[in-house]
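*Asks:* Each chain is listed here by its residues.
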Amino acid sequence: MSLLDILFGKKEKTSKEDAKKRLQLVLLHDRTEIPFEKLDMMKKEIFEVVSKYVDIDMSSLEVNLENIEDGKVALVANIPINKRKNDNQNN
Amino acid sequence: MDGRVIVVTSGKGGVGKTTTTANLGMALSNLGKKVALIDADIGLRNLDLVLGLENRIVYDIVDVVEEKCKLKQALIKDKRQPNLALLPAAQTRDKSAVTPEQMIEVCNELKKEFDIIIIDCPAGIEQGFKNAIAAATESIIVTNPEVSSIRDADRIIGLLDSVDHEMIPPKLIVNRIRMEMVKENEMLNVDDVKEILGIDLLGVVPDDESIITSTNKGIPAVMLDNSLAGQALKDIARRLLGENVPFMDLTKDNNTGIFSFFKKLFAKS
Ligand SMILES: Nc1ncnc2c1ncn2[C@@H]1O[C@H](COP(=O)(O)OP(=O)(O)OP(=O)(O)O)[C@@H](O)[C@H]1O
Ligand SMILES: [Mg+2]
Chain A
1 MSLLDILFGK KEKTSKEDAK KRLQLVLLHD RTEIPFEKLD MMKKEIFEVV SKYVDIDMSS
61 LEVNLENIED GKVALVANIP INKRKNDNQN N
Chain B
1 MDGRVIVVTS GKGGVGKTTT TANLGMALSN LGKKVALIDA DIGLRNLDLV LGLENRIVYD
61 IVDVVEEKCK LKQALIKDKR QPNLALLPAA QTRDKSAVTP EQMIEVCNEL KKEFDIIIID
121 CPAGIEQGFK NAIAAATESI IVTNPEVSSI RDADRIIGLL DSVDHEMIPP KLIVNRIRME
181 MVKENEMLNV DDVKEILGID LLGVVPDDES IITSTNKGIP AVMLDNSLAG QALKDIARRL
241 LGENVPFMDL TKDNNTGIFS FFKKLFAKS
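These protein sequences, in sequence, are chains A and B.
Position 31, counted from 1, in the first sequence is what our numbering calls 31; the numbers after and before it change by one each time, with no gaps.
Position 210, counted from 1, in the second sequence is what our numbering calls 210; the numbers after and before it change by one each time, with no gaps.
I should point out that these hints are in silico values taken from the structure, not numbers from a laboratory.
Being a predicted model, the structure only gives us computed values, none of them experimental.
Mixed in with the good hints, there may be bad ones.
Straight-line Cα separation of at most 30 angstroms, BS3-like style, residue types lysine-lysine; simulated pairs [as the list claims (entries may be wrong)]:
id	chain 1	residue 1	chain 2	residue 2
1	B	Lys95	A	Lys21
2	A	Lys16	B	Lys12
3	B	Lys33	A	Lys16
4	B	Lys183	B	Lys33
5	B	Lys171	A	Lys72
6	B	Lys183	A	Lys13
7	A	Lys21	A	Lys44
8	B	Lys194	A	Lys21
9	A	Lys20	B	Lys77
10	B	Lys77	B	Lys34
11	A	Lys43	A	Lys72
12	A	Lys21	B	Lys12
13	B	Lys72	B	Lys217
14	B	Lys77	B	Lys95
15	B	Lys217	A	Lys16
16	A	Lys72	B	Lys33
17	B	Lys33	B	Lys217
18	B	Lys194	B	Lys171
19	B	Lys194	A	Lys38
20	B	Lys183	A	Lys38
21	A	Lys72	B	Lys194
22	B	Lys77	B	Lys194
23	B	Lys183	A	Lys16
24	A	Lys21	B	Lys111
25	B	Lys130	B	Lys111
26	B	Lys111	B	Lys95
27	A	Lys13	B	Lys12
28	A	Lys52	A	Lys38
29	A	Lys20	B	Lys217
30	B	Lys95	B	Lys34
31	B	Lys194	A	Lys13
32	A	Lys72	B	Lys12
33	A	Lys83	A	Lys52
34	B	Lys111	B	Lys68
35	B	Lys194	B	Lys217
36	B	Lys112	A	Lys20
37	B	Lys112	B	Lys33
38	B	Lys183	A	Lys20
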């Protein structure tokens, strides 16, 4: 950062980074024709199905679109499972 | 004649398709190629004006497909550069006045006489776009380093990928880049745009006042000696002919003005 940047109070994160991140995300949705809203609906249903079998939290459930090789896009879910209650009791 | 047919397209309007078409046409004909430019923006004719040929139009592409005149009669030869010709758009009709089949016919006819045909595509993805790409086997995507035009470019890349005639992968021109903003990380750089869109780069054209002044006069910037954008477009023309022209160093900026003077002064601290 130059002195002028400090004087003018410029933030570390620049608008270019915002542009790039936002574009990469919106293009994932455009290319797969999965709007943000639909992904949210999917997330809710995934939660309902999975929580029938294991104990999970909606707040820690992540469902995202990600670029993988060959220009393909993957639906990536990260579903942390809560510790079983008896495990806690045994400790 | 080998008759290459290249469409210049973007999705988003106003990113520089017409400017690019006019300049590449002039540059390629200066390199000895016989070039025909087609203005496919029916109803919003502009390529004639950018080329300074607006006073010479008698017939247009709609007259040709409606057989009101011969193709030869509608073609305007550039007096400054006899290798260059323009087939103007009609101004008082709409995009449906020409069909993709008619576009292909016109191009096949032009291929007999010209080495390269460049089609200036209208903005959008509707009929005008479909007409403009129908005859093309090559495409140039023009984008600005800015979110909306990049998103639209990606859409166009997808559409070109799914056409049912043979087309080679599109090539990218990043137009109107402002190096002083790129340096400050306040504008996407060329590598960012390339990475996001995932297609090969044909060239980078700086945002340059000489484009505006040359367009004012109807003289493509590639005809000027001291235009940075003109030089970038001349380089692109040579790359289109298969030459391996290194990318211009735009970082050696012509950054003047009091603010940048102070910035430079303070830059080392
Ligand atoms: N590199 C540049 N530097 C400065 N100005 C530019 C540059 N490229 C284009 N322009 C200006 O941007 C405006 C739009 O350019 P142009 O008409 O070529 O875009 P277009 O994509 O053909 O637009 P449309 O979608 O309406 O057909 C014009 O005023 C032009 O002079
Ligand atoms: Mg135009």
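*Asks:* Lys83 of chain A and Lys52 of chain A were given as a pair; does the straight-line alpha-carbon distance stay at or below 30 angstroms?
*Replies:* Satisfied, since the Cα-Cα distance of roughly 15 angstroms is no more than 30 angstroms.
*Asks:* Hinted pair, alpha-carbon criterion (30 angstroms max): Lys20 of chain A, Lys217 of chain B. Please report holds or violated.
*Replies:* At roughly 37 angstroms apart (the allowed maximum being 30 angstroms), Lys217 of chain B and Lys20 of chain A break the hint.
*Asks:* Regarding the pair Lys21 of chain A and Lys111 of chain B, is the alpha-carbon distance no greater than 30 angstroms?
*Replies:* The hint is violated at about 43 angstroms.
*Asks:* So if I understand the rule, the pair passes when the alpha-carbon distance is 30 angstroms or less; does Lys194 of chain B with Lys217 of chain B pass?
*Replies:* Not OK: Lys194 of chain B and Lys217 of chain B at ~33 angstroms, beyond 30 angstroms, violated.
*Asks:* Sort out whether Lys33 of chain B lies within 30 angstroms of Lys72 of chain A, counting only the CA atoms.
*Replies:* Answer violated: Lys72 of chain A to Lys33 of chain B is near 40 angstroms, above 30 angstroms.
*Asks:* For a C-alpha distance cap of 30 angstroms, please report whether Lys183 of chain B and Lys16 of chain A respect it.
*Replies:* Holds: Lys183 of chain B and Lys16 of chain A sit about 10 angstroms apart, inside 30 angstroms.
*Asks:* Holds or violated: are the alpha carbons of Lys112 of chain B and Lys33 of chain B at most 30 angstroms from each other?
*Replies:* holds (13 angstroms)
*Asks:* Lys194 of chain B and Lys38 of chain A were given as a pair; does the straight-line alpha-carbon distance stay at or below 30 angstroms?
*Replies:* Between Lys194 of chain B and Lys38 of chain A the Cα gap is close to 28 angstroms, so the pair holds against 30 angstroms.
*Asks:* Are the Cα atoms of Lys194 of chain B and Lys171 of chain B separated by 30 angstroms or less?
*Replies:* holds (10 angstroms)
*Asks:* Checking one constraint from the list: CA of Lys111 of chain B to CA of Lys95 of chain B, max 30 angstroms. Satisfied?
*Replies:* OK: Lys111 of chain B and Lys95 of chain B at ~23 angstroms, within 30 angstroms.
*Asks:* Lys183 of chain B and Lys13 of chain A: Cα distance at most 30 angstroms?
*Replies:* holds (14 angstroms)
*Asks:* For a C-alpha distance cap of 30 angstroms, please report whether Lys13 of chain A and Lys12 of chain B respect it.
*Replies:* holds (28 angstroms)
When held up to the earlier numbered hints, the structure conflicts with 1, 3, 4, 9, 15, 16, 20, 22, 24, 29, 35 and 36 and fits the remainder.
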